Amino acid sequence: MIKLNSFFMLSIILLNTSCSFISYSQAIPLIDKALFGVDDIELSQEFIDSKKYSFVKVKLGKSSVSILTLRSISEGVFEWISASGERIYTYNGKIVKTEGLPYDTHLYSFRDVDFLQISSDASFNYDINLTNPKAFVSQVALLSVIKNTDYNFELKESIETIGFGWKFTNFYTFDKRTQLATKTIQKVHPNLDTLELSFIYK
Amino acid sequence: MNSRKLFGVLLIHFNITLSASLQEYIYPNSSTPSYSNYGTVGLIQMPTARLQPAGSLAFSFSNIDPYLRGSIIAYPFSWFEASYQYTDINNALYSDVDAFSGDQTFKDKSFDVKIGLMTEKNLLPAVAIGIRDVAGTGIFASEYIVASKNFRNIDFTFGIGWGALSGNQISNPLSKISQKFDTRTVDLDTQGGELNTGYFFSGDAGYFGGAEVAIPNLYGIRFKIEYDGTNYDVEGFPDGKESFSQAFEPVKRPDSKINIGFLWPVSRNLHLKLNYSKGNTINFGFSLQSNLGIKTPLIKKNDPLKAVENSDIIKKVNLKESSYVYNSALKYLRDQQFFVQNASINENNLEVVYTQSKHASFARATGRVASILDDISPDYIDEFTISNINGGLGMHSVTVNRDEFSHYKDENLPILGSKNIKTQSFNYNRDDYIFKPRAKYPASFYKVSPSLRSQIGGPDGFYFGDLRLAFHSEVLFSSNLSLSTSASAGIVDNFDSLKLKSDSVLPHVRTDIVQYLKESRTFAVKRAQLNYFINPFNDFYAKASLGYFEEMFGGLGGEILYRPYHKNFGIGAEIWRVKKRDFDQMFKFRKYQTTTGHINLYYKHPSTEVIMQIKGGRFLAGDSGLNFDFSRRFKSGLRMGAFFSVTDISKEEFGEGSFDKGFYFHIPIESFFEYFSKGNAGFGLRPITRDGAAILVHGFHLWGVTEQAQSTNLTRDWDDIYD
Numbered sequence: 001m002i003k004l005n006s007f008f009m010l011s012i013i014l015l016n017t018s019c020s021f022i023s024y025s026q027a028i029p030l031i032d033k034a035l036f037g038v039d040d041i042e043l044s045q046e047f048i049d050s051k052k053y054s055f056v057k058v059k060l061g062k063s064s065v066s067i068l069t070l071r072s073i074s075e076g077v078f079e080w081i082s083a084s085g086e087r088i089y090t091y092n093g094k095i096v097k098t099e100g101l102p103y104d105t106h107l108y109s110f111r112d113v114d115f116l117q118i119s120s121d122a123s124f125n126y127d128i129n130l131t132n133p134k135a136f137v138s139q140v141a142l143l144s145v146i147k148n149t150d151y152n153f154e155l156k157e158s159i160e161t162i163g164f165g166w167k168f169t170n171f172y173t174f175d176k177r178t179q180l181a182t183k184t185i186q187k188v189h190p191n192l193d194t195l196e197l198s199f200i201y202k
Numbered sequence: 001m002n003s004r005k006l007f008g009v010l011l012i013h014f015n016i017t018l019s020a021s022l023q024e025y026i027y028p029n030s031s032t033p034s035y036s037n038y039g040t041v042g043l044i045q046m047p048t049a050r051l052q053p054a055g056s057l058a059f060s061f062s063n064i065d066p067y068l069r070g071s072i073i074a075y076p077f078s079w080f081e082a083s084y085q086y087t088d089i090n091n092a093l094y095s096d097v098d099a100f101s102g103d104q105t106f107k108d109k110s111f112d113v114k115i116g117l118m119t120e121k122n123l124l125p126a127v128a129i130g131i132r133d134v135a136g137t138g139i140f141a142s143e144y145i146v147a148s149k150n151f152r153n154i155d156f157t158f159g160i161g162w163g164a165l166s167g168n169q170i171s172n173p174l175s176k177i178s179q180k181f182d183t184r185t186v187d188l189d190t191q192g193g194e195l196n197t198g199y200f201f202s203g204d205a206g207y208f209g210g211a212e213v214a215i216p217n218l219y220g221i222r223f224k225i226e227y228d229g230t231n232y233d234v235e236g237f238p239d240g241k242e243s244f245s246q247a248f249e250p251v252k253r254p255d256s257k258i259n260i261g262f263l264w265p266v267s268r269n270l271h272l273k274l275n276y277s278k279g280n281t282i283n284f285g286f287s288l289q290s291n292l293g294i295k296t297p298l299i300k301k302n303d304p305l306k307a308v309e310n311s312d313i314i315k316k317v318n319l320k321e322s323s324y325v326y327n328s329a330l331k332y333l334r335d336q337q338f339f340v341q342n343a344s345i346n347e348n349n350l351e352v353v354y355t356q357s358k359h360a361s362f363a364r365a366t367g368r369v370a371s372i373l374d375d376i377s378p379d380y381i382d383e384f385t386i387s388n389i390n391g392g393l394g395m396h397s398v399t400v401n402r403d404e405f406s407h408y409k410d411e412n413l414p415i416l417g418s419k420n421i422k423t424q425s426f427n428y429n430r431d432d433y434i435f436k437p438r439a440k441y442p443a444s445f446y447k448v449s450p451s452l453r454s455q456i457g458g459p460d461g462f463y464f465g466d467l468r469l470a471f472h473s474e475v476l477f478s479s480n481l482s483l484s485t486s487a488s489a490g491i492v493d494n495f496d497s498l499k500l501k502s503d504s505v506l507p508h509v510r511t512d513i514v515q516y517l518k519e520s521r522t523f524a525v526k527r528a529q530l531n532y533f534i535n536p537f538n539d540f541y542a543k544a545s546l547g548y549f550e551e552m553f554g555g556l557g558g559e560i561l562y563r564p565y566h567k568n569f570g571i572g573a574e575i576w577r578v579k580k581r582d583f584d585q586m587f588k589f590r591k592y593q594t595t596t597g598h599i600n601l602y603y604k605h606p607s608t609e610v611i612m613q614i615k616g617g618r619f620l621a622g623d624s625g626l627n628f629d630f631s632r633r634f635k636s637g638l639r640m641g642a643f644f645s646v647t648d649i650s651k652e653e654f655g656e657g658s659f660d661k662g663f664y665f666h667i668p669i670e671s672f673f674e675y676f677s678k679g680n681a682g683f684g685l686r687p688i689t690r691d692g693a694a695i696l697v698h699g700f701h702l703w704g705v706t707e708q709a710q711s712t713n714l715t716r717d718w719d720d721i722y723d
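Same order as they appear, the protein sequences are chains A and H.
For what it's worth, the numbering used here labels the leading residue of the first sequence as 1, then goes sequentially.
For what it's worth, the numbering used here labels the leading residue of the second sequence as 1, then goes sequentially.
Honestly, the hints are just simulated from the structure, not real lab data.
Since we're looking at a predicted model, the values are computed, not measured.
All C-beta atoms, glycine included, are put in the ideal place defined by N, C-alpha and C.
Hints are all accurate, no fakes.
Below 30 Å or equal to it, Euclidean Cα-Cα: the simulated DSSO-like pairs (lysine-lysine) are:
(1) A:K97 - H:K409
(2) H:K300 - A:K62
(3) A:K134 - H:K149
(4) A:K187 - H:K301
(5) H:K306 - A:K51
(6) A:K59 - H:K295
(7) A:K134 - H:K301
(8) A:K62 - H:K301
Negatives, chain A to chain H, calculated, CB over 12 Å:
(9) K62
(10) V113
(11) D114
(12) L142
Computed Cβ-Cβ distance ranges for the label pairs, DEER-style:
(13) H:S175 - A:G165: 47 to 53 Å
(14) A:R87 - H:I571: 52 to 58 Å
(15) H:N90 - A:I41: 49 to 55 Å
(16) H:R686 - A:R87: 49 to 55 Å
(17) H:L319 - A:Y201: 45 to 51 Å
(18) H:Y463 - A:D39: 33 to 39 Å
(19) H:Q336 - A:L43: 31 to 37 Å
(20) A:F124 - H:S31: 32 to 38 Å
(21) A:R87 - H:P437: 42 to 48 Å
Whole structure, please, built from the sequences with the hints as guidance.
Rendered as structure tokens:
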């Protein structure tokens, strides 16, 4: 949205300006990004083989696609880091903390929930700390199983925020053999687009 | 205070802070005030006492029958709102002469101001005073005093208005002070554009009020309701032909004084609105605003300095010979777009003279040069002297203690890192240095960019535009001799219907604009200017130029400037012998020639960065007088300015508009991108093009070229030193 706003603002300025000095090389990537989004990264076998460590592809709405490399695992929390220093921490595929994003989040009490043990609808409470602006709120999550096969386990998480009207649904897919998340679609902050994560473990 | 009380106070403070933040999630994008149909911050039709932060720029569009209005709104200070608008009045014709303006409707230009008198306190409201349609035709003229107070999610407003805001009449409270406020007499004997303060706050007064309600958990949508104070019997051309000979129908009168509307803040910057006004009119609009004055207004930068690889090895190698240090400085600084002109090592001091054109912040440029030198210099170097030149002119010299710079860099503490940095004036002499790399001359730089020439608000049509492909080049014959060229080729335009000819009684130095636009549609050379710069003494600069300076004039002349490094003023002079260029903007001249020149005074207020420029002298049309220019620069590099001129010609000789005036913005291009860049997008507007008080536009004005030759222009950005 920030880039879209700046695109609109730039357009207004360009249309009004009598002497603009913007080269095509500067303007075209911005216009392209604002209108069509960024190119996706294809997780081909060649691409996967080229990576030495486990990684996660993170797609943020239409505006960015990044690769974050697994840095550490501590008590079930996976720490993933990007080349420019942004960090995402996941627990059972659920993002429990972010650092370096325009809007960061920190989830507490996430260890009360073990996604892989859910067999029927269950509800849990989270406490969440949001930044930009700062707010500490509670959430009620309703978990339900969408698909449970020999290999895959899919979960839906409907979340309602207490205190303001932020409702959303997250989706998680697990590989039952490895007991690890393979793909998730989730919201972590009301001002941030949906994050789509594809995990590759090595 | 015991610990329990302290804990209690902290808990309350923490709760209030969190609660205030939570509001921003319940009412997203609610912190940005919204715009009224008049283009300034307000409710639906009524103004409020709210203002945007200093450095904000906005564009607002509204459509309320019979008016279609586009406004540009600027906030040079947090207490001052200025807006300029075009209103398309759809119940009147531009003129009653069909051959002159066809069926084009009436276009009104107006200028509004609002001044914040008091910011909101716990129990007291924000208060502002404003004037609509200052120095215009006066058909929307009104003045008001307004107060706004926020209570939870509701922002209440109440005000008293005069003129077109006197719809709900009360006796004028100012009449108790003086009888001159009893009656409102608007002077119609004018060429327009004059500031006539005589009728302000006089005649009938009226009240108005309303509220803006942020609806919880509904994307920040706001509901607006107001008791309309507009006097529809006064505003515009209310009675059609009876009000104005060119009007063809009356304005629809209100069925209700209650206006309601919804505003959807799509983001903090973009607002859409839909209102039901006067009990019979649906209207809509949008506004786009941003605080472009802050350091990174739109997009966070991702253009870090790249550390020199294998720094330890380079330092060891460079220990062997000074020439290794010079050559590594040349290479590693060039890799980051800093160009070493000279260097010397004197005992433990490494001095480097460089030039750059990437960073608008000279502090950031200095910091990056110091970082690279720190990465490559052998350990015995404990001080860097970093000197900057521009166009061969010495700008500034900065002395940096290496250990201190490096220590605070690691901790990213720019204020401490810059505390002991010494800066001084710099008089450049190439022969003073040991290392003198030979540059290959002539060196050339060029870029191709789109350009747009616009002509707005004329009788032939509201907007005429010419989209072009422009070629800009600079050829350096030596460090202080250059040829700057700007040429362009037309891609598409709608100039066919442009036909307005000059009616000026003065020499046509600007009013032949239509011929210049039309005859240069295919190809034009806007500028081909040869410049020679010299810096004979400290703080003294001179420039001689010849060629085609601008679209309409070419010739020769020069400029001198005295700009003491540690002071906030400058004084200069310029004189030019110029000839009018042919309309096709190629290489021929017309008959008119003249000598023009000015004494130029500059003063910059150090804390507000308000710059006042006064030019006194002879203008292009032979008239003499003064040109005043006030501008403010913001942290991002955004500059907002306005100007006016007073010369020895009468307002009748000047023609429509009465005297020369206008405003401009320079918006840094880097605000829109992730990387640093020095360019600006310039936007300037004169309400009307006339010949009086016309100033020659020549490239590389010395005040701009020597911007980094004033200490405060460097020190203001010390917080960028580790960027």
